[in-house]
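Spelled out from the first residue to the last, the chains are:
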Amino acid sequence: MVNKPIVLSEFLGIVREVIKQNMPNLYWIIAEISEAKENQKGHFYLTLVEKKDDKVLAQIKGNIWSYEYRKLLTKFKKATGEGFKVGMKVLLLVGVDYHEVYGMSLLIKDVDPSYTLGEMALKKMEIIERLRQEGLIDLNKRLDLPIVPQRIAIISSPNAAGYEDFLKQLTQNQQGYFFYIELFPSLMQGDETETTLINRLNEIEGRTEEFDIVVIIRGGGSTVDLSCFDNYNIAKRVAQFPLPVITGIGHEKDETVLDIVAHTSLKTPTAVADFLLSGSRSFEEEIIKLQQRLKTATTNLINQNNQWLQSISAKFIYLSKNYSTNRLNRIYLIQVRLQKSLVHLIHLHQTRLTNLGQAIRLLSPENILQRGYSITYLNGKIIKDISQIKNGSMIETRLKDASFQSMVKIKKGGGNKKIDQINLFSSINGD
Amino acid sequence: MTKLTYSQALTEIEKIVQIIESQEVDVDDLTDKVKRASELIIFCRNKLRGTEEEINKLFDEKGLKAE
Numbered sequence: 024m025v026n027k028p029i030v031l032s033e034f035l036g037i038v039r040e041v042i043k044q045n046m047p048n049l050y051w052i053i054a055e056i057s058e059a060k061e062n063q064k065g066h067f068y069l070t071l072v073e074k075k076d077d078k079v080l081a082q083i084k085g086n087i088w089s090y091e092y093r094k095l096l097t098k099f100k101k102a103t104g105e106g107f108k109v110g111m112k113v114l115l116l117v118g119v120d121y122h123e124v125y126g127m128s129l130l131i132k133d134v135d136p137s138y139t140l141g142e143m144a145l146k147k148m149e150i151i152e153r154l155r156q157e158g159l160i161d162l163n164k165r166l167d168l169p170i171v172p173q174r175i176a177i178i179s180s181p182n183a184a185g186y187e188d189f190l191k192q193l194t195q196n197q198q199g200y201f202f203y204i205e206l207f208p209s210l211m212q213g214d215e216t217e218t219t220l221i222n223r224l225n226e227i228e229g230r231t232e233e234f235d236i237v238v239i240i241r242g243g244g245s246t247v248d249l250s251c252f253d254n255y256n257i258a259k260r261v262a263q264f265p266l267p268v269i270t271g272i273g274h275e276k277d278e279t280v281l282d283i284v285a286h287t288s289l290k291t292p293t294a295v296a297d298f299l300l301s302g303s304r305s306f307e308e309e310i311i312k313l314q315q316r317l318k319t320a321t322t323n324l325i326n327q328n329n330q331w332l333q334s335i336s337a338k339f340i341y342l343s344k345n346y347s348t349n350r351l352n353r354i355y356l357i358q359v360r361l362q363k364s365l366v367h368l369i370h371l372h373q374t375r376l377t378n379l380g381q382a383i384r385l386l387s388p389e390n391i392l393q394r395g396y397s398i399t400y401l402n403g404k405i406i407k408d409i410s411q412i413k414n415g416s417m418i419e420t421r422l423k424d425a426s427f428q429s430m431v432k433i434k435k436g437g438g439n440k441k442i443d444q445i446n447l448f449s450s451i452n453g454d
Numbered sequence: 227m228t229k230l231t232y233s234q235a236l237t238e239i240e241k242i243v244q245i246i247e248s249q250e251v252d253v254d255d256l257t258d259k260v261k262r263a264s265e266l267i268i269f270c271r272n273k274l275r276g277t278e279e280e281i282n283k284l285f286d287e288k289g290l291k292a293e
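Top line first, the protein sequences correspond to chains L and P.
The numbering used here runs 23 ahead of the 1-based position in the first sequence.
The numbering used here runs 226 ahead of the 1-based position in the second sequence.
Just so you know, not all the hints are guaranteed correct.
Claimed, not checked - Residues from chain P that face chain L, not an exhaustive set, calculated with beta carbons under 7 Å:
no., residue
1, Y232
2, S233
3, V243
4, Q249
5, C270
6, L274
7, R275
Honestly, the hints are just simulated from the structure, not real lab data.
Here a beta-carbon is modelled for each residue, glycine too, at the ideal position from N, C-alpha and C.
The following block holds chain P by itself, in its conformation from the complex (with noise of 0.2 Å):
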């Protein structure tokens, strides 16, 4: 299993802002989308501040580990 990194994490999170602004996306998904950017974003600022694993175990008891 990979750990995410920074740049991972800042690619997927442009992404999904940029898939939400062209609104190529389906209502349907938009609660998806924005919740796993806002994961993401939680889990940028936490690993900066060191938090990292605490994050990562989060991560997986969600079953939400990336890729």
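The following block holds chain L by itself, in its conformation from the complex (with noise of 0.2 Å):
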């Protein structure tokens, strides 16, 4: 059967008419998103594609009208976090639409998030699986975070609110506490991130003895595409990185790949800032407690020798009291002989005077006197030699009660002198 021929847009026509006669209802269809762009006038335009190992097995042009691509995207956004995206498996609800122009296009009228959803947990979960298994997952985590992190290599997307906040947080620290902060601007979303990373990855690496941690931050919106972090080029790069990296990518759902390889992952941006701060800050409070303990072991060390030295010296007194109260007690025992010595002597010579004196009394002139001698003096002194005397002297005679004076005359005759005669008279001196 041969139709007599006719132009291309009735041709077309009809096939647009069998289309529409043939498959009038919405078709539920499992598609990977190959190509995705919106134009000016928010009509969302996309090349949906089926692979198997990398090779194409059906292709098709698909699109959504600007008023159901605003619901279908909020929609979306609000179960898996993104947008539609290349490499991204869809379940899409479609119609199939037929143009004499522009050919064969699914027209989307639904989509159901929960199979994306579903997929993309699939295949974090396969990243997290390869990088367990080339010992890859916790190798960050083996790095030892330093005592105090101060010099800090932060990768952030410079405009980000996020990075402002760490940064506040971080340098207007009530303590003072310091921070080298070097900023590497990198893409924080989007297909671009991965090789933006990994270039700030390396610039850190080839400096790295300038740093002590990576920090990787983003400012946290309430819808945040998080999905290139679940990447496994990132995670292998921060898994193998020389130093810690700590992430506060601002997600408030499952961690992302990148969190799960990182030496530290926190929430936001500012719960980083508050940790390293508190490094500082337990480091400090460890070095106050070292300097009270010091404080006081020195003290106790010198009030120990301090009671030392005192019972040393209080023995050393007690010693020497005792030594000097030995001497003195003997001295005391001498002293006491040598007064007894001293009164038993006096006591001898004083016998010894009074029996003198005694004996002195007996043979004193007085004594002799009384016993009737007499005593004869010359000019006051006593005659012992008759050569003292001459013719006409006067003498004294003493006696027992008086005195009497008398003039000597000397008698011729013979070389001896002789008293010739001694009674003159002239005074009685009365004793």
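Mind assembling these two chains? They're in different frames, but the hints should get you there.
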């Protein structure tokens, strides 16, 4: 059966009618997005494919009109946290549309995000499993965090609110802790995140000596595109990084693969800043504790030495006192003995003196006079020798109770002087 | 000349405190030990506040640079 010739538009019009009549319903289909683009009017155009081992089995264009796109995007983002992205597997409610100029395409009426969510989770699990098998999953975690992370390489979008929060929190701390912070600006969402982020990490690795840690942050909006952090290449790079990596990428749901491989993963940039501050703070607290211990220990040691000194000196004083006392006792005893000896000696001498006194008294001239003797004086001197006197000398004779004077008259004859006469009274001195 | 790190400083301070606490220190060395520990404490607390360079200068002048 051959028809008579018809023009192309008429022919394609028949095609359109056939499709319309035979496929009037909507169909749920599963496909992968291979291209996606929003135009200026807000219509969303995409290319859907089915692949097997990177070989395309089927391919078709699709579009969502602007009034529907906004509604579907909101629904999709709410569930998955992201927009329609290349590489994503989606479950779509579609109708077939045929246009004589533009050809066959699918009109997308609805989307079931739970399918994509499941796919994403599956993909993420695969990445995690691969990292685990390759021994990368806790590689960065095994690095020692410096006691005080103070030199920080930070990867962030420079305009992100989260970066501002981080800087403010870290630099305006009350304790006045200092941090050296250097920004390595990077895209933090979208398809180019992988490339720029890895480039920044490479830059930092070239200057490893200058930093203590790497911080990866992004400002948390309410709905954020985090799928770029469920990326094998980024995860591998972070896992193998020579410095500890701390993340604060502002997620509210599950951890991303980046968080899993990071040394420490925190919810927000502010939390990262607090974490870093706590490092400085707890170090300083430890130092202060040691300072207290040092003070106490030193004081104790000095006190003990003082006590020892005191007890030693007390002992010394006691011993010297004891020694002195002994000496004093000995001296006292000697003194007593000396005194006794002296008294004895004095007594002895006194007795002797008394005896002598008695002897002297017995022998004294008075005593002799008492016994009837007399003594003769010349000029107050006792006459013991006859040569002392001359003719005419006045002599005095003392008796027991009186004295008298006489003149000497020498008798001539012979060589010897002889008292011729001595009896010449002159006066009598009564005693 | 190596730079004194936080952990080196901490280790040294801890060691000195332990020695003094265990009273294994000579009274003659006590002053030096306490002085060294105090300097390290000041060094750390200043380093936390970014005045490290000044402190390093001080340590250099005094010939106290830690090896």
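We went through each hint and held it up to the structure:
1. Y232: holds (5 Å)
2. S233: holds (5 Å)
3. V243: V243 of chain P check passes; min Cβ-Cβ to chain L is 5 Å, inside 7 Å.
4. Q249: holds (6 Å)
5. C270: Holds - the Cβ of C270 of chain P comes within 7 Å of chain L, reaching about 5 Å at its closest.
6. L274: With a closest approach of 5 Å, the L274 of chain P hint holds.
7. R275: For R275 of chain P, the interface hint holds, since the closest Cβ of chain L sits about 5 Å away, which is under 7 Å.
Consistency with the previously given hints is maintained throughout, with no hint failing.
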